[in-house]
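Novice: Each chain is listed here by its residues.
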Amino acid sequence: MPELGAIERIDNLRALRRFGDAEHLIRTALATEPQDALLLWRLSAVLLGTERVAEGLHAAKAAVAADSQDPDAHRLHALLLTASNRHQEATHAGYAAVTLAPQHAHTVTVYAHVLRCAGRYADAAAVARRAVELAPNDPETHMEVGDGALSAGDRHTARTAYENVLRLDPEHAAARRNLAAVDFMSRRPRKALGGLVEAGRIDPNTPHVLPIVAVVLWQLSWRMRIGLVIALVPVLIVGSKYGSDASWVTRVVGAVVLALAGVVAWWHFRGLPRGTGRVIVAALRGDGLLIATYVFIAFCLIVYVVVAITGVAPLASIIWPIAIVLTIIAIVSRIAAGSAHLAQSRRRNQSVTSVEDR
Amino acid sequence: MAMADDPLVTSLLAAVGAAPDDVPLRLHVAEALADAERLPEALAHCSEALQRAPGDAAALALLQRVSAALSGTPTPADPTPEPRAKTEFDWSRAEDQVADVAVPEAVLAQHDEASPVTEDIERPSVRLADVGGMEDVKERLELTFLGPMRNPQLAKAFGATMSGGLLLYGPPGCGKTFIARAVAGELGARFYPVGISDVLDMWAGRSERNLAEIFAAARRNSPCVLFFDEIDALGQKRSNLQFSSSLRNTVNQLLSELDSLGGNNDGIFVLGATNHPWDLDSALRRPGRFDRMLLVLPPDFDARVAILNYHLRDRPAGEVDVATIAKMTPHFSGADLAHVVSTAAERALAVSMKSGRLVPLTTKDVEAAAREVQPSTGPWFATARNVVTFANTDGSYDDLASYLRRNKRL
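Chains as they are written, first to last, in the numbering used here: chain A, 296 to 653; chain B, 64 to 473.
There may be inaccurate statements among the hints.
Said to hold, decoys possible - Within a straight-line C-alpha distance of at most 20 Å, the following computed SDA-like cross-link-like pairs (lysine to any residue) qualify: (1) B:K300 x B:G251; (2) B:K471 x A:A560; (3) B:K471 x A:L579; (4) B:K471 x A:V576; (5) A:K486 x A:G583; (6) B:K390 x B:E430; (7) B:K300 x B:Y373; (8) B:K300 x A:V576.
Unchecked claim - Here chain B is said to cover these stretches of chain A; the calculated rule only asks that three of the stretch's residues, wherever they fall, bring their Cβ under 8 Å from a Cβ of chain B: (9) 307 to 316; (10) 566 to 577.
Unchecked claim - Cβ-to-Cβ under 10 Å is the rule here; a few derived chain B residues that face chain A: (11) D193; (12) D264; (13) A296; (14) L304; (15) N315; (16) T446; (17) N449; (18) F453; (19) T456.
By construction, these hints were calculated from the structure, which means they are not laboratory data. Remember, predicted model here, so these are calculated numbers, not experimental data. Glycine included, every Cβ here is placed at the ideal spot set by N, Cα and C.
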């Protein structure tokens, strides 16, 4: 059995995410004690951290074989099986782990995660709640409740769970990001945008922040499009009365439309954190269709400015074809997003790599 | 001495003929042939040996020696002494300056006990002039750190503080450690590199003590540049270390040691290097600690030329158009460039072994290798882009933002 000190050193290196150094230490120790379960499951954890799933699974199996009564070995085995999309076996391994350590909150949390990845949301939720009972002050148990609820579409529970995480650890970037995702789903784009910017600030390595910002901007663009088309109605009504002649009424209607657009924009962007503009620009740069959408929206606003200045209402009729183009863009974007969603669901299991490091 | 009919060589050749798969014997023959200046034959035997035992260190070393002899390049075993830049530092004056720095008794007492900390302190002879290219970095280093250190009165007049360390950050493999060594050379100070393994200890409380001993050793050896490599490992955000009290205590100890240097400039210049400054605990970036940051980017064109020439110097190279290769390799780190040259050398070696004669490296070989090797800085810049987008609220990363914009990465 390796010295406790050596194990602590390995764990410190894992905590620091110095996986290369940790792996070196473990392999050196394994050279003299190749059947040591403590070392083998730590090796599998390190390999999981570096996304070397096949190698990690091999090490986890060896750890289980070396000591079938070690819950940590079963836990890692379960996680690596999940990462390999072998959910049935993963749930068995996870069950073995919690049977051996039913009071260990981390093991229970991992089991909930494994069940969630296997699509057993109700079971996952019950296990995650048990983990919270075992460790109510551990943010990761609440995080798993939130993630499980989010997967099951229970936004209320997810929100409460993420708020609990942030109460316990205000600098938890993933919780901040996921809470923003809940805000987005609850059609609160301003709060979502603020949360995402905050998550990126807390930890710039937080994955998927910019893509979610882009999704929020799409949501906002729908609102803007609808607003622009609705605004067209009074302008064209006025236009039908005055024809192509300039009139003060048209000017006033145009100005009111612009003022309302300004108020709505202020309402949506008020109180956002510093640096939000930079984030929006970065998100726009990553999505060509989104850029096109906002360019067309900006063009429509310019048309309203021209109408407000000239008083010629029929000029606004150019917005109709633009609205049609914007709809086509939105449909294309939806189709593309559908493909991306498929890719993302394939990637979801890879998030397993971060569970052990929590 | 020509030994075409040397009986020893003849008998060895006969032995090799009898046992062609005996690699050590073949290498022995090759060595004897090389000593007898029968270099082409020696090369052929080296190639044979490598075919039978690819990667054999002794065979590779001998091949390098024979290749160098064939191309007329001096071998590593026969180094030409290089003129060294003279350090124009007045050591006696420096020692007078620090003579009154008292060493705390507690530190002396601690040092008397058995300590795992090895004082690997050197006096580097490299200067910033030895760093190829990277004029921007040198200029900023001069303005933000070396200038005030050299002109303390002037710095004081402008309210610039002398306390606090310098944090070098940038993609991996871009020469941060070399620059830190050059800073020590410029200051005429000793250089004390500290890695994570020098500090982190397996026993509770020992890591903190190691840190204290390292600072004590630096004080004893002042003037000294104390260089923490990969400081993000020692000074990680404490919020990330909730489950490791020993690591949290190590961060606290580091903060405390840095503060103890704050008020009086006692001849210790603390430098840190990290690839991930955004992972550092924010307390480490406060005034008096690592309050100055210097971005060390991948080598520029001139630096790439210098690095490529450096790595080609001991290899049998024909006419290699280094400038063309340097143009092909923007964003390559120094380590990537070394990898490019070694990849090209492996190809040339394979060709040499097949043909049985030395085929020197050509521009085409290196170009092909440069196309094959991907710059390792890519993932770093992906994260850096996020940092600039989300976390540059106080302008700490303006240099980085400007570089990313210039290179259309933002």
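Novice: Next step is simple, just say for each hint if it's right about the structure.
Specialist: Status of the hints after comparison with the structure:
1. With a C-alpha separation of about 33 Å, the suggested pairing of K300 of chain B with G251 of chain B is violated against the 20 Å cut-off.
2. For the hint linking K471 of chain B to A560 of chain A, the alpha-carbon distance of about 30 Å lies beyond 20 Å, and the restraint is violated.
3. The straight-line distance between the Cα atoms of K471 of chain B and L579 of chain A is roughly 15 Å, inside the 20 Å bound, and the hint therefore holds.
4. Straight-line distance between C-alpha atoms of K471 of chain B and V576 of chain A comes to about 14 Å, which keeps the hinted pair within the 20 Å bound.
5. For the given pair, K486 of chain A sits about 24 Å from G583 of chain A by alpha-carbon distance, which is inconsistent with the 20 Å threshold.
6. Of the pairs offered as hints, the one joining K390 of chain B and E430 of chain B holds, with about 10 Å between alpha carbons and a cut-off of 20 Å not exceeded.
7. Straight-line distance between C-alpha atoms of K300 of chain B and Y373 of chain B comes to about 38 Å, which puts the hinted pair past the 20 Å bound.
8. Between K300 of chain B and V576 of chain A, the direct Cα distance comes to roughly 29 Å. Violation of the 20 Å bound is thereby established for this hinted pair.
9. With 6 residues bearing a CB less than 8 Å from a CB of chain B, the stretch 307 to 316 of chain A meets the requirement of three and the coverage assertion stands.
10. Restraint check on the stretch 566 to 577 of chain A versus chain B: 5 residues with Cβ-Cβ distances below 8 Å, three needed, restraint holds.
11. The interface hint given for D193 of chain B is broken, as the beta carbon of that residue sits about 29 Å from the closest beta carbon of chain A, more than 10 Å.
12. Hint on D264 of chain B holds. Least Cβ distance to chain A is approximately 7 Å, under the 10 Å limit.
13. Taking 10 Å as the C-beta contact cut-off toward chain A, the hint placing A296 of chain B at the interface holds, the least distance being around 5 Å.
14. Below 10 Å, beta-carbon pairs count as interface contacts, and L304 of chain B has one with chain A at about 6 Å; its hint therefore holds.
15. Annotation: N315 of chain B was flagged as interfacial toward chain A, and the flag is violated, the nearest CB pair being 15 Å apart, outside 10 Å.
16. Taking 10 Å as the C-beta contact cut-off toward chain A, the hint placing T446 of chain B at the interface holds, the least distance being around 6 Å.
17. Taking 10 Å as the C-beta contact cut-off toward chain A, the hint placing N449 of chain B at the interface holds, the least distance being around 4 Å.
18. Hint status for F453 of chain B relative to chain A: holds, with the closest Cβ pair at about 3 Å, below 10 Å.
19. Interface restraint check for T456 of chain B: the shortest CB-CB distance to chain A comes to about 5 Å, inside 10 Å, so the restraint holds.
In this structure, the hints that do not hold are numbers 1, 2, 5, 7, 8, 11 and 15, in rising order.
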